[in-house]
Amino acid sequence: MEDFRIPLGEWVEVGLDWLLGAFAGLFSVLRTLMLDTNDGLVWLLSTPPWWAVTLVLAALAWWLKNWKLALGTVIGFVVIVGVDQWENAMETLGLIVVATLIATVLAVPLGILAASSPGLSKVIRPVMDFMQTMPPMVYLIPALVIFRVGVVPGMVATIIFAMVPGVRFTELGIRGVKADVVEAGEAFGASRWRILRQIQLPLALPTIMAGINQVIMLALSMVVIAGMVGAGGLGGDVVASLNRIDAGLGFEAGISVVILAMYLDRLTSTGGGRKRRLRAPGTA
Amino acid sequence: MSHSTAEPAVRVQNVYKIFGKKPKDIIRRLKEGEDREDLKELGTAAVIDASFEVAPGEIFVVMGLSGSGKSTLIRTLNGLQPATEGTVSVLGQDIASAPARELRSIRSHSMAMVFQNFALLPHRTVLENAAYGLEIQGVGSEARRAEAARVLDRVGLQGWHDHYPHELSGGMQQRVGLARALASGNDILLMDEAFSALDPLIRREMQEQLKQLQKELGRTIVFITHDLNEAMYLGDRIAVMKDGRIAQIGTPEDILSRPADDYVASFIADVDRGRALTARSVMLPLQGVDAGQRAAAERAGSVRSDATLQEVVPVALEGEGILAVRDGAGGDVVGYLTTARLLEAMGTRTDFTAAAEAQSPAEGQPASRDEGGEA
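Each protein sequence line maps, in turn, to chains X and R. Oh and the first sequence: position 158 is 158 in my numbering, straight run, nothing missing. So the number in my numbering is just where the residue sits in the second sequence, counting from 1, plus 1000.
Extracted from the complex, chain X is given alone in its bound form:
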């Protein structure tokens, strides 16, 4: 019994080596793509003066929700500027937005497929459980090997960890569309694509939006972990303050994460919106 040892770790390393050899070109392209997108967005957010960016974000809050959120946005972002975390906050915001976009682009189609195929749904479910319950730091190691230090491995780990609710909520939302409405589409001769586009997606939208909201929140929770591999931003300062036992800096970076989280959560949560399209049908 003493000799019993499953060499799972070795297998993972062999598998990783093989991946690295076989898809080096693809990984390199992906790295450049993610890096450039992120850098571009961060540049866009941090180049104008802080008040201009704050006003734009507040205006977005007003347009999607209401003036209260807009006011809260201004106050929150002034606090971030006040504790000298503006640059970091914009780096983090950039990372979150890019990671969320990629996670959504992957998660929503996967959720739609899972909703239409019970077989795929069964296969996907344990994979989703695995992705969400594996300690997220574990993703960092292969991501580091594949994508090298910087913002990209942090982003990849974030996407893997955060996309799960996107898939689950999309599947749930599509399945939750009443069968008779879909049948009505079929009975009038609509194609599957038309039914998806005109009936299932609009009716599932509130649920899908709740999923994307969860994706964003999970992505924010990954900020600090991404900071450990050199993603910078607010996570970088939290990690640095931990290394230096600097409670003050840690709190300043931490409160900035909280403010960003509240802004993004309120912006993407359902309810309280002025826009009909973000609300559940039948509540207009």
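Source of the hints: derived by calculation from the structure; they are not laboratory data. C-beta: ideal position from N, C-alpha, C; glycine also. Be aware that a few hints might be false.
[Said to hold, decoys possible] Chain X stretches covered by chain R per the calculated footprint, using a threshold of three residues with CB under 8 angstroms from any CB of chain R: (1) 89-95; (2) 191-199.
[Claimed, not checked] Okay, the calculated beta carbon distance ranges per label pair: (3) Asn-1014/R <-> Ala-179/X: 45 to 55 angstroms; (4) Ser-117/X <-> Tyr-1263/R: 37 to 47 angstroms; (5) Ser-1105/R <-> Ala-179/X: 44 to 54 angstroms; (6) Asp-39/X <-> Gly-1185/R: 53 to 63 angstroms; (7) Ser-1097/R <-> Ser-117/X: 55 to 65 angstroms; (8) Gly-1170/R <-> Thr-270/X: 20 to 30 angstroms; (9) Ala-1096/R <-> Gly-176/X: 50 to 60 angstroms; (10) Glu-1142/R <-> Gly-176/X: 30 to 40 angstroms.
Chain X is already provided as a structure; the job is to place chain R on it using the hints.
Just chain R now, with coordinates in the frame of chain X:
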């Protein structure tokens, strides 16, 4: 109402619909005479050996209790539930062998469906819902909105075009469902328990409106219901289903006067005959009446041949025991109705008190309605 001469709009031949792992096996054993109850372990035989034809312009009602297979049967007509065996053809096109694209085209250009629970798109306005069939046909925005608006006005929804379905009552929502089907302009209407979710008064109103619309539009309607009174009132012909099989097909008069088996007979005890039967269906032939009675009938006045018996009763009350039945207002006399004949037709041969109790008071008609009967 005139069948048989024209090519049928819908033709169903020996259709089976089986749910389960080995449908062909089940069909074979059903053909060998086994009962569907014996085969329950293997699967569900929802429709067994159904055959019928629906003539253009006819209202064909499929009547049965829940689990009788009627909803499955109507879905084999547009391929939402493809038949396991047998052929279904709609306006000469075979539904079973049609590839997916062609089937969609048949659905969008030949048929339209009205659902029990309305199945309106909750995120679209009443007008957009009514225009949905035309939208799928590829009709341009302006044209389809204009047509949808016209049909909505026709079913009595003026002023509601820009509301959302949840703002409407059940009866109004089903009017939208009806408008959506009518606006598509397609000849064949499939109505699946279309009025069953409505309360009795609204339901009666919708039945009357459908009959009225049908007089003007002359569509071909396949109507599913569990309510034999509704079937008798609406149907030119009725198919009674039981346990997946069609027990009898006939006109309301056929079914009332010659039920095919005990099952059908047990149903018709509850029928509101005054509303289901027309003067034509129960009148005495011209030569069955002597000269004295004829003279009495001349004095008493007459009724139209398509008047229901409940419309005939008030006229009969004022007469001298006999009425003339005319083909349309002021038309030729086609037969006679004596009070005795009227009473005989209104009554059921089964236990009368039981039938009277089964008649729900909400569906009873005020006895004093007398419009429409006189010529």
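Outcome of the hint check:
1. 89-95: Since 0 is below three, the answer is violated.
2. 191-199: holds (count 4)
3. Asn-1014/R <-> Ala-179/X: 45 to 55 angstroms: violated (29 angstroms)
4. Ser-117/X <-> Tyr-1263/R: 37 to 47 angstroms: holds (42 angstroms)
5. Ser-1105/R <-> Ala-179/X: 44 to 54 angstroms: For Ser-1105/R and Ala-179/X the Cβ distance comes to about 23 angstroms; the hint is violated.
6. Asp-39/X <-> Gly-1185/R: 53 to 63 angstroms: holds (57 angstroms)
7. Ser-1097/R <-> Ser-117/X: 55 to 65 angstroms: violated (26 angstroms)
8. Gly-1170/R <-> Thr-270/X: 20 to 30 angstroms: holds (27 angstroms)
9. Ala-1096/R <-> Gly-176/X: 50 to 60 angstroms: At roughly 32 angstroms between Cβ atoms, Gly-176/X and Ala-1096/R fall outside 50 to 60 angstroms, so the hint is violated.
10. Glu-1142/R <-> Gly-176/X: 30 to 40 angstroms: holds (34 angstroms)
Going down the numbered hints, you'll see the structure goes against 1, 3, 5, 7 and 9, while the others check out.
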